[in-house]
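Enquirer: Sequence:
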Amino acid sequence: MKAISLFSGGLDSQLAVCLVKQQGIDVVGVNLISPFFGGDRKLAVAADELGIELKTMDISEEYMYVLKNPRYGYGKHMNPCIDCHGFMIRKAGEYMRECGGSFIITGEVLGQRPMSQNKSALAAVDKISGFRGLILRPLSAKLLPPTIPEQNGWVDREKLLDISGRSRTRQMQLAKDWGISEYPSPAGGCLLTQETFSKRLRHLFQLKPEAGPIDAEILKHGRHFLLDSRGILVIGRNATENDVLLKMAAPADHLLKVATHPGPTSLLRYFGRPEPGDIEWAASITARYSDAVSLPRAQVKVWQPRHEPQLITIQPMPREHTPPTV
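If you read the sequence shown in this note's numbering, its first letter stands for residue 932, the second for the next number, and so on.
Bear in mind the hints are in silico, worked out from the structure with no lab data behind them.
A quick note: this is a predicted structure, and the numbers were derived from the prediction, not measured.
Some hints here could point you the wrong way.
[To be verified] Pairs of lysine to any residue, SDA-like flavour, derived with a Cα cap of 20 Å:
#, residue 1, residue 2
1, K1232, M1248
2, K1090, E1113
3, K999, K1139
4, K1130, E1211
5, K952, N1083
6, K1130, K1022
7, K952, E1089
8, K999, K986
9, K1090, G1110
10, K933, E1081
11, K952, R972
12, K1022, R1063
13, K1130, P1115
14, K1178, G1143
15, K1050, S1095
16, K973, P1115
Start from the sequences and build out the full structure, keeping to the hints where you can.
Expert: Here it is, written out as structure tokens:
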């Protein structure tokens, strides 16, 4: 018999796998990838140490609809947790049917997240997924109604757990007992739960309602400045981000860099009609973050991919006049 695990590589998902494997059931881990979560490089190591196959699936395009149209709304920021969990379980269930699996397991813990992991929310997740009854949550199973795998004797309910709440004491003890030493912090796994990223995402949807996964990628990098309702200016904060911006530049984007002094690479991306003065504005802010900040005038190189650069001379924007970042 085979179970499909929603596998984030976090402690709870690893423990859920262990509980089911101990009952002689093969487990395949499924990790779903979007611009906002998934794809951690340590996943393969965790799966290998647990002795399970790992399947990764890019759901970026489909997920954008879920993100923009959550039936159950958002959490504190741009996180549609109930709709998100239901969607992810549905994708795992579809794969379960393809590969001959029998049921789905998750590392969800009752009450760990008061808004999205209470009994009502978990019931909503099951309904959205379309796989009600086939979703086993091994860490909290004894506190939840018996599922089909338990009712049919595929798993022994008595060997499952009754963990609830936000404390991770029991999970950490189990990890120690079972030799699980590598697992990420429970915070920070999803960018949609982060205030700054969510603010940027809201602005992106306002500027470009049809924005897709590629548009969202740039939100992860640099300092962001809004150009009214026309676009954004992204300024690299280090050499790595400078390189990322160069690689992410689309043909219509403008790239900027001070020609005579060390400083960041900037990317100006329009979502509306350009206006006179936009390039000078972007160049002035770019120079403000360079070593030319104290000069009365600075030369800034401006170019579009596949085009020759041009030099413009501007005054670096004074610190006190620099607009706030997003």
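Enquirer: Taking the hints in turn, state whether each one holds.
Expert: Verification of the hints:
Of the supplied pair hints, the one linking K1232 and M1248 holds, its CA atoms being roughly 16 Å apart against a limit of 20 Å. Of the pairs offered as hints, the one joining K1090 and E1113 is violated, with about 24 Å between alpha carbons and a cut-off of 20 Å exceeded. Using a Cα cut-off of 20 Å, the hinted pair K999 and K1139 holds, with the two alpha carbons roughly 12 Å apart. As the CA atoms of K1130 and E1211 are separated by approximately 26 Å, the hinted pair breaks the 20 Å bound.
For the suggested pair K952 and N1083, the alpha carbons sit about 17 Å apart, so the restraint of at most 20 Å is met. Under the criterion of a C-alpha separation no larger than 20 Å, the hint pairing K1130 with K1022 is inconsistent with the structure, at around 28 Å. A threshold of 20 Å between alpha carbons decides the hint, and for K952 with E1089 the separation of about 15 Å falls inside it, so the pair holds. The suggested pairing of K999 with K986 is violated, with an alpha-carbon distance near 26 Å, which exceeds 20 Å.
In summary, the hint linking K1090 to G1110 is supported, as the alpha carbons are separated by about 19 Å, within the 20 Å threshold. With a C-alpha separation of about 14 Å, the suggested pair K933 and E1081 falls inside the 20 Å cut-off, and the hint holds. Under the criterion of a C-alpha separation no larger than 20 Å, the hint pairing K952 with R972 is inconsistent with the structure, at around 23 Å. The suggested pairing of K1022 with R1063 holds, with an alpha-carbon distance near 13 Å, which does not exceed 20 Å.
For a cut-off of 20 Å, the pair hint linking K1130 to P1115 is broken: about 25 Å separates their Cα positions. Restraint check for K1178 and G1143: the C-alpha separation of about 18 Å stays at or below 20 Å, so the hint holds. This hinted pair checks out: K1050 and S1095 have alpha carbons roughly 11 Å apart, not beyond 20 Å. A threshold of 20 Å between alpha carbons decides the hint, and for K973 with P1115 the separation of about 9 Å falls inside it, so the pair holds.
Going through the hint list in order, the structure does not satisfy hints 2, 4, 6, 8, 11, 13.
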